[in-house]
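Residue strings, one per chain:
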Amino acid sequence: MTTHRLSRRTLLRATAAAGAAALLSSCARGPGGAVDLAYWNFFTGSDGELMVGLVDRFRSEAPNVRVTDTTLMWGPPYYTKLAMACAGGRAPDLGTLHASRLPTFGTDLLDEWDVDELAARGVSMDEFPEPVRKRVTIDGRVMALPLDTHPMVLYYNTDICEKAGLLAADGSLAPITSADQMLDAGRRAAEVTGSTGIAFGSADNLGGWMLFWSLFRQLGGQMRLPDGGPAEVDRDATVQAMTLMRDMADGTVASPTLDGQAASAAFASQQTGFLIHGPWEVTTARTAEIPFSMTQFPALYGDTPYVRADSHSFVLPAQAQVDPAARSAAYDMAVSMLRNSLDWASGGGHIPALSAVAESPQYLDQQPISNYRGAAQVVEYDPEAYFSGSGSTLMSRAGQSIQGVTSRALTPEQGADDLIGWLDSQLKLGSPL
Amino acid sequence: VTAAGTVAAPGRVEPGVAPRRPGPSLVGARGGIWFVLPFMLVYAAFVLWPLLYGLGLSFFDTSLVRDESQFVGLANYAQLFSDPEVWRTLWVTVLFTIGSTIPLVVIALVMALLVQTGVRGQWFWRFVYFAPFLLPVATVVLIWQWLFSGDFGLFNGILTGMGLPAVGWLTEPEIGLWSVVILTVWWTVGFNFLLYLAALQAIPAQLYEAAELDGAGGWRRLLSITLPLLNRTTGLVVVLQVLASLKLFDQAYILYKANGGPGGSATPILQYVYDTGFTDYRLGYASAISYMFFVLIILIALVQARLSRRSAS
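So the sequence lines, in the order shown, correspond to chains B and V. Heads up: the first sequence runs through residues 1 to 433, numbered per the working numbering. Heads up: the second sequence runs through residues 434 to 746, numbered per the working numbering.
The hints are simulated quantities; they were obtained by calculation from the structure and are not laboratory data. No experiment lies behind these values; they were computed from the predicted model shown. Ideal placement from N, C-alpha and C gives every residue a C-beta, glycine not left out. Careful: at least some of the hints might be erroneous.
Said to hold, decoys possible - If you want a taste of the chain V side facing chain B, the calculated C-beta under 10 Å gives, among others:
(1) ASP584
(2) ASP683
(3) THR709
(4) TYR718
(5) GLN737
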């Protein structure tokens, strides 16, 4: 009995000691000077697979770094958790961020990238396209390291467009240079498919916003959102952009009831001749093995084909205590992923941000995804406000106004006033930053 | 208190057997507190404290992403009264509550009556009607997303097959909320059904026999015996259902992927609270909105309690 009790106590003690040791070792450096690096991202689906590939490449390049990669659902779930982790001082060592979300995160929640540290790893900020560089630089400090640019692009079904007489002699899409031509191309494609000509996310916040923001900027529209309001929004351009979207969603040129997934499904099943969407849907079109190509979204208004875009980028979330070894490993990992972004580009359709990759022959040979690389020079990021950017309240609320118009519940004028009225009241609430 | 509970009636003490020494009662004595303490601690930490903390937050301009916050008095409350989005989303919640409570009570009652009045294999129907209630919300929504899908959905497939126009279940602002109602009825009607079935089975059979001898037909028995005797259950079901419907959030949030439905038509007030607090980081203001809603729910519950007391007496 006595021996029993003793041995049980010894066992308990040993267990507690082992547990404490395990706990301690998980916080501290591992054996052989290994560095622990926590990396958060929001990539799922095909982008998620490509991201795992990039992480694994880094793991093989830097065997002494133990990377723990965590994938969270993109949009509010990811950004809420990252913001809370940063505010609490226990953020991951490296994170992913849409460049459009920098106004929310850029001020307090992130540490800047040290350009000397980057230069030591062979990366200079001159290697990124100018509009992208401008977006990630706040008050002269580099707050995010862009991995790619993903503009809205125009997909076209080469078979359907050929039958509709929309192809040029070289087999590529004949230039579309005005809103009327776009509508006409949609109608002619619809005659071939027997249903609709163009698919876009008319009933989808992201899809509606991408097209609206591109048209609005092509029309020269300006949107400034000063704290405290009122919003300075070009109402005429808003109305005109919404009018075109309503005219497109007439049931012939485009369906008014497609969400983002349904839009790419309609294109992949050859029910439409065109698809207006993000470049990542190239996976869907490739999987469906349909005859298709992609091109830069054309200038329907004005001369410059401004297009709504965003950039996946890497950030250094603010931590209460920065471990220099982990920080250094975070630089290594980010640079490694930039250098290896060819797979990211060819698999996901994104335009690589780093010029060494974007100008490499391997990328330029990739069809059809290198067709729209010029878009990186004319990208239009979302307007700056704490509630704007990819997966933000602005996107979902503006999407509501736009859907109101495409579903014909609102006139374009009512839609514009609905959006501007909401912006005013949102700004009046004051910024939580 | 201790004595009152343990004094035995004199007549029941058997001769020769000494009355049992009155021990400390678990209910009244000090010992009782140790039994409820674990629960009370958890309850205080996860219900009472957050409740008070949230109330405190509503008087500050607390932000999720900023360390310092300032006392703003009633400014948050003043703001919500002039925020049209608060009232719009509150109306969505109220509309959902009205629109879902009625079918959830009526259909549950009809189902219970059908099962009770001698369908063969009662266990099967009981199981089938209750089964959806056991599914997690994400699963339910996933199923219905496919059923509702505009271009590939079963419902639109049937409609167009019969030569009727397709319906934008998830894309039309006038229909968006009613799709949530339909989904919710299918998902949760089984619970109310079970309450009704239990109540039906508790009605004594001799009442029906007596009525039958008096020549009462099936409808007469339903109207004069069954429904009046179900009054209490109906009151309970309505109260539970109204409170459950007011809490609308998860199925609408997942069904519309957090975007609030077509034209924002299916954004319940709880989603606005969530968006304000966690997507826009304005925790103080979000707390104020939720406390306004909290007070409203308490008022509704009080009115209901009063009505049911009046109908009972």
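Against the structure, the hints:
Satisfaction of the interface hint for V:ASP584 is found here, the shortest Cβ-Cβ separation to chain B being roughly 5 Å, below the 10 Å cut-off. Of the supplied interface hints, the one on V:ASP683 is violated, with its beta-carbon coming no nearer than about 14 Å to a beta-carbon of chain B, more than 10 Å. For the restraint placing V:THR709 at the interface with chain B, the shortest Cβ-Cβ distance is roughly 9 Å, inside the 10 Å limit, so the hint holds. Because the beta carbon of V:TYR718 sits about 7 Å from the nearest beta carbon in chain B, less than 10 Å, this interface hint is met.
Taking 10 Å as the C-beta cut-off, the interface hint given for V:GLN737 is violated, the closest approach to chain B being about 33 Å.
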